[in-house]
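Peer 1: Given next are the chains, with one letter for each unit.
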Amino acid sequence: MTVTVTLAIEDVLSEAIAKKVVSATNPDLIIDQVIGNQGFGYLKNKIRALNHAAHNGVVTIMVADLDDAECPARLREEWLKGEMHPNLVFRVAVREIEAWLLADHEGLADFLSIPRGRIPQVVDEIPNPKQLIVNLARRSRKSWLKKALVPSNGSSSSVGAEYNNCLLSFIRDDWSLHRARARSESLNRAFFALQRFRPS
Amino acid sequence: MIITKLVLKNWRNFRSASISLRDRAFIIGVNASGKSNLLDVFRFLRDVAKGAGGGLEKAVSDRGGMTKLRSLSARKDPEISIEISVAEGADMPEKWRYLLGFKSEGKGKQRVFVTQEAVWRDGKRLFARPDEFDEDDDARRTQTYLQQVNTNKDFRELVEFFQGITYLHLVPQLLKYPEQLGSSRIEDDPFGQGFLERVARTPKKFREARLRKIESALRICVPQLKELRFQQDEITGYPHLHALYEHWRPNAGWQREDQFSDGTLRLLGLMWVLLDGDGLLLLEEPELSLNDAIVANIPSLIARMQREAKYRRQVILTTHSEVLLRQPGVGIGEVVRLVTNSEGTRVEEPTERDKKMVASGLTVADVLLSKVRPQGGQQMDLWK
Numbered sequence: 001m002t003v004t005v006t007l008a009i010e011d012v013l014s015e016a017i018a019k020k021v022v023s024a025t026n027p028d029l030i031i032d033q034v035i036g037n038q039g040f041g042y043l044k045n046k047i048r049a050l051n052h053a054a055h056n057g058v059v060t061i062m063v064a065d066l067d068d069a070e071c072p073a074r075l076r077e078e079w080l081k082g083e084m085h086p087n088l089v090f091r092v093a094v095r096e097i098e099a100w101l102l103a104d105h106e107g108l109a110d111f112l113s114i115p116r117g118r119i120p121q122v123v124d125e126i127p128n129p130k131q132l133i134v135n136l137a138r139r140s141r142k143s144w145l146k147k148a149l150v151p152s153n154g155s156s157s158s159v160g161a162e163y164n165n166c167l168l169s170f171i172r173d174d175w176s177l178h179r180a181r182a183r184s185e186s187l188n189r190a191f192f193a194l195q196r197f198r199p200s
Numbered sequence: 001m002i003i004t005k006l007v008l009k010n011w012r013n014f015r016s017a018s019i020s021l022r023d024r025a026f027i028i029g030v031n032a033s034g035k036s037n038l039l040d041v042f043r044f045l046r047d048v049a050k051g052a053g054g055g056l057e058k059a060v061s062d063r064g065g066m067t068k069l070r071s072l073s074a075r076k077d078p079e080i081s082i083e084i085s086v087a088e089g090a091d092m093p094e095k096w097r098y099l100l101g102f103k104s105e106g107k108g109k110q111r112v113f114v115t116q117e118a119v120w121r122d123g124k125r126l127f128a129r130p131d132e133f134d135e136d137d138d139a140r141r142t143q144t145y146l147q148q149v150n151t152n153k154d155f156r157e158l159v160e161f162f163q164g165i166t167y168l169h170l171v172p173q174l175l176k177y178p179e180q181l182g183s184s185r186i187e188d189d190p191f192g193q194g195f196l197e198r199v200a201r202t203p204k205k206f207r208e209a210r211l212r213k214i215e216s217a218l219r220i221c222v223p224q225l226k227e228l229r230f231q232q233d234e235i236t237g238y239p240h241l242h243a244l245y246e247h248w249r250p251n252a253g254w255q256r257e258d259q260f261s262d263g264t265l266r267l268l269g270l271m272w273v274l275l276d277g278d279g280l281l282l283l284e285e286p287e288l289s290l291n292d293a294i295v296a297n298i299p300s301l302i303a304r305m306q307r308e309a310k311y312r313r314q315v316i317l318t319t320h321s322e323v324l325l326r327q328p329g330v331g332i333g334e335v336v337r338l339v340t341n342s343e344g345t346r347v348e349e350p351t352e353r354d355k356k357m358v359a360s361g362l363t364v365a366d367v368l369l370s371k372v373r374p375q376g377g378q379q380m381d382l383w384k
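Line by line, the protein sequences are chains A and B. Residue numbering for the first sequence follows the working numbering, starting at 1 and increasing by one per position. Residue numbering for the second sequence follows the working numbering, starting at 1 and increasing by one per position.
These are calculated hints, taken from the structure and not from any lab test. Be careful, since some hints might not be right.
Unchecked claim - If you anchor each label on the Cβ, the simulated ranges turn out as follows: (1) B:Glu349 / A:Asn128: 42 to 50 angstroms; (2) B:Pro374 / A:Asp28: 20 to 28 angstroms; (3) A:His55 / B:Glu348: 19 to 27 angstroms.
Every residue, glycine too, gets a C-beta built ideally from N, C-alpha and C.
Sequences and hints are given; from them, build the entire structure.
Peer 2: This is the structure in structure tokens:
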């Protein structure tokens, strides 16, 4: 039986990844609505309302970045301050959603046109995955990719102007969930949680 | 009085639609989903009801004729029909109902023919067309009873209600550069210059009082503004608004409307129409050019205006603004969400799930705007 699901995410990259993970993992879950796209503050703000809605049968999958928090369990506690209803699936990318991109070594190395060995084996231990992607792009053999992903000199932004669009096309065309979950503990856990997930 | 229900057939991109409305209605939908076309129904009825200078034929030809008006997804049925219910308030019984159907003559001069027209008062039908007179005389079918003083005597209240509809979509450039743009003026529609004429037509006493109110409200948004003044050009007779801005040289800071910022002009227009008139008010994307902090005030400004109005005044607006819809007090029943597919535009009612989410503490913007994002929220790419 199919279940209508709300997806709550921080930004367009987590949206694209989450959609791919959900459809590959549990075809019964139909994403009908996407909320958020305004960073972690929005999700933190709305988690109590979404948990309340979960009690009333509204199923939500939320994907957030761990960022500087100690561990996913602590983040959950800090945000919700109470019991999480099983209809609210809260998954945390350690430390940022970009780690899940880095976890697909083959895919990302080919896309960025860099040697595969440059990406660390255990991606959940990378302190700043977003910065790492930008730094890897600096070494890219494709100059257009460098321009798209790396901020121009003097820019206060940490990423290039086409960062999102560029990585979205990677997620859409090249990123493989199954290659990636072998190297990311947090993604692998998300995979199993969604596979087991049966809303009440 | 307010419009509580609207039923459309073959109107622009609505092949078939039924819409319930309350004191405030926020129309949302992706680009080109028909938000403005929906507002245009009410403007159309106003134009038909205008009588002199209006009427069915003019209202249709002003919109480019039947081919532009009739839904592209309409199949064999050549008729456009509009049915509208009016009541004293949102949950009150229907007081008036008006039905108008029309189509192209289908031969010769391709005149616009009334195929059906009827008015109900308190559920009782006052008349129904076509009647025996229409059978005798074809030419009668080119006019509605709504537009003729000798046929609309029994439902004049409804006629005046339609005539009192106001539409605002102020385009600052039209107001600032009317000569350069050489645009022909559209009567009654304050897109631009018409707005200043609207101000000019207002009796001096009311105009001054309103400008004082607007001035003090505007000062919060435009802190340098000191004074707002209306003046008619002595030579050309053109109406103008002047604003005094704080300046180190006294009296050097007077500016005319063509020097106002786009945001100031749009805000001025919005405030003016909120204070002006007591009929249905149609606003096209009132958030344009405005700072989010000001947009956040729009719903409560509207509510305040409705509270102060002598008669119950309805506001229907189109919007893309998240800030506007997330304001407390915006209810899920006030939002009209338009959804498009190959069969044209549908009006989507909120689902049980949407209502539960709002009841759980999410805002209408959280729940409904996420559904009017372009499919998949995909990024745009021009170079693939």
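Peer 1: The structure should be examined with respect to each hint, and the outcome stated for every one.
Peer 2: Do the hints match the structure? See the list:
1. In this structure the hint that B:Glu349 and A:Asn128 lie 42 to 50 angstroms apart at CB holds, the actual value being about 46 angstroms.
2. With their beta carbons about 26 angstroms apart, B:Pro374 and A:Asp28 fall inside the hinted range of 20 to 28 angstroms.
3. Checked against the given bound of 19 to 27 angstroms, the beta carbons of A:His55 and B:Glu348, roughly 25 angstroms apart, stay inside it.
In this structure, every one of the numbered hints holds.
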